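Q: If you read the protein sequences in the order shown, they are chains B and R. Per this note's numbering: the first sequence = residues 6 to 494. Per this note's numbering: the second sequence = residues -3 to 368.
Hint data in this document are derived by calculation from the structure and do not stem from the laboratory. A quick note: this is a predicted structure, and the numbers were derived from the prediction, not measured. Watch out, some of these pointers could steer you wrong.
[As the list claims (entries may be wrong)] Pairs of lysine-lysine, DSBU-like flavour, derived with a Cα cap of 35 Å:
(1) K196/R to K315/R
(2) K15/B to K315/R
(3) K315/R to K326/B
Here's the letter readout for the chains.
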Amino acid sequence: MAELEDQIRKIIQDELNQQSSGDTTPATASSNAAASTTATSAPLTSGQGKLGIFPDVDSAIAAAKAAEDQFVDASIETRTQVIDAIKKGFKPYIEQMAKAIREETGMGTVEAKIAKLNNALYNTPGPEILQPEAETGDGGLIMYEYAPYGVIGAVGPSTNPSETVIANAIMMLAGGNTLFFGAHPGAKNITRWTIEKLNQFVYDATGWQNLVVGIENPSIEAVQKMMAHPDIACLAVTGGPAVVHQAMTSGKKAIGAGAGNPPAMVDATADIKLAAHNIIDSASFDNDILCTAEKEVVVESSVKDELIKDMQDEGAFLVTKPEDIQKLADMTIQDNGAPDRKFVGKDANYILAQAGIRYEGRPKEIILEAAKDHPLVMTENLMPILPIVNCPDFDSVLKTAVEVEQGFHHTASIHSRDLIHINKAAHRMNTSIFVVNGPTYAGTGVGFTGASALTIATPTGEGTTTAKSFTRRRRLNSPQAFSLRSWND
Amino acid sequence: MEKFTIPTKIIAGSDSLDVLQAFESQKVMFVCDPFLNGSDTLKMIESHLPSSAEVKVFADVKPNPPLTSITAGVKVYQEFDPSVIVTLGGGSAIDTAKAIRNFGEKISGKQLSCFVAIPTTSGTGSEVTNTAVVSDEENHAKFPIMDDHLIPDIAILYPQLVVSAPASVTAYSGMDVMTHSLESLVANDANLFTEALAEKAIDVIGNHLVEAYRNPTNIELRHIVHEAATAAGLAFNTAGLGITHSIAHQLGAQFHVPHGLACAMVLPHVVAFNAQDKKCEAKYAEAARKARLAGADSSDRMAVRELIRKLQAMMRQMKCPRTLAAFGIKPEDAKAACETIVKAARKDGTFPGNPIVPTDEQLAEIYQKVIE
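The whole structure should be built from the sequences, with the hints applied where relevant.
A: Following this line, the structure appears as structure tokens:
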């Protein structure tokens, strides 16, 4: 046996020698490899390093605080100039940014992002909305003004990275604040690029620096550190329940945007064609990643079939097989009840393909019928899957809508021609945004429908935030003067 | 010059064992996994041989076939003097049989008339490749014997044999197929034919492996995954492999990580590494899009990211440990082996196939990612 093994070892040795002599090192692609290693992943790079980006939280907040100490004294005209520089500067980059966001986050659609960026840039009111209030009379003058907090710590979501930086910057700078922006790790490159560009535009136009700052490597730890930093006066947080909770328990003023699960109610009196159009248009906008987007439809049964048919005409794809619906739910919702990030904001056709469901064309939205307690109804899943819940009459439509909204008080809509239904639903839903016979994205300002609303502060009560939400209301009393109406000598 | 040949006759399906009836009056040596020795499965297969055939069973097969077990097999070969070898089992059995054939023929100076491989796992592709990987336990080394003469003459894909495989074997061997596909897809000697096979295997494994894992008795699923394993074997037999295998072989030699699992651990990191090269990135992306593992309109970069996430998701769904630490190797032991592993990986027979030549630092970096 030992002899046999020796024989075998000898054969192996011979073969190995043969192999190594016949072996030519593969044409050294190493130079090639080295070149490709250095290929950076940043879709957009801006020349210099600094531009509002700092290596750590402390140095970033210190810079924003130093800027704030000056900015607080600056004229209102200065604030307007800063904001104008931002609006003008980003103009040529909108499409590029929309593509970069889509590329980095993999969520939503370029078209919707262009609309959202335009909304954030050109539909966010500035200092002009911060008009003082005054009372005069026998007690002299009583005046209220909206004054800055100081350095605001903002946390943005990956679903609206650049839009939130821009809208927050305009609102907070309008109020005389400066801000530290904590990027979502899933969108850190584009967030950083946006902060750097913003600093460049503002500096070129006004000479101001570090009004908006961020750090090189955003992380959850950095956000936690920022929240506890003594120089952060106020927190503005858009994100999951955990980070909002953390902000609200920080001991600081917090403006927090929480979760939602917006139902769209459709009653028997509705213009069904228009309702179908508005719901599909709005739900599929940016692949349903807006927290305001319709996440389920609650319909009165007499018009359900008509609504579904009209939705199909609008580009929705109806899934009917129970096992396909189950597959969609299993695939998109994780065991812990949270939506699988892999499918958040993805195209409907991708989700269908991943679920192995056959489809034709390019569906915009996946629709299906489900019971009101189905996981796809009860989960804020931020993807183009829109379950439809059937109810026998209007009262149960409203009751079900309240139930599936789960007390978030975020957003809801109704499609109806009945004023009593509309008023009753608006009252009962008690949401920050309520849309009547329109797409819920109207509530965010997209499509000339009021001021932009990127941060919808439901848990803390500010609702759709504006510059005013990021200011302190201050009161001045001057009993001796002024009143022009009377004078007691 | 590009070449592509399929020397192996591939017979698949529920009646595929009938080809064994051709071995009238032959001396048939079975090389099979130990648990098959005396089993009903083996009896059922033997029953397909004509009664005139003389049979001898060698079942001393060990995982990561060591030289000692091969030597024992060669001894049986010398004594029995077979004209046909039929090997039945997983990659280890088939590799053992190939090695026995290699040494047996060289020492006896006589050639077999036929070599038949009947895989019982859907993984190694060994039934159509020219390679047998042999371990030298004394020296903690693994080396491949590569010789086109070792390519089996007939491969029988009888899906019922895979049904009884434990779930972990389905998972690991399936991920091995995915590794063969993704490595051969971008390997230096890839060509249109190998890419076609690799892309199809990526599609089948990406879309059906987890399903097969969850429904082990579904013959249709087993059949298609079994064929995909062979397709991927054909692809890499010509195209070559890459550094996933170079590193995975060392994880097997050093820490006895099952081969498919070792590949699965390393694969996502190597895909990310090779995707630095735009050509590789495009190939991965195209395959991922074709298999609907990535969105049809996703950019190359997104598609590769989707592909990597898919690999990780599959591992999660099939409960594969994703790091050595999760497998039970102490991180300090794993770290201590880094230099040895990098050195051996560079010498591994699969290393030259990789489309980019990594530096030692890059190899170490990839290895470190699987530690914990």
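Q: Hint compliance check: list the failing hint numbers for this structure, sorted ascending.
A: 2
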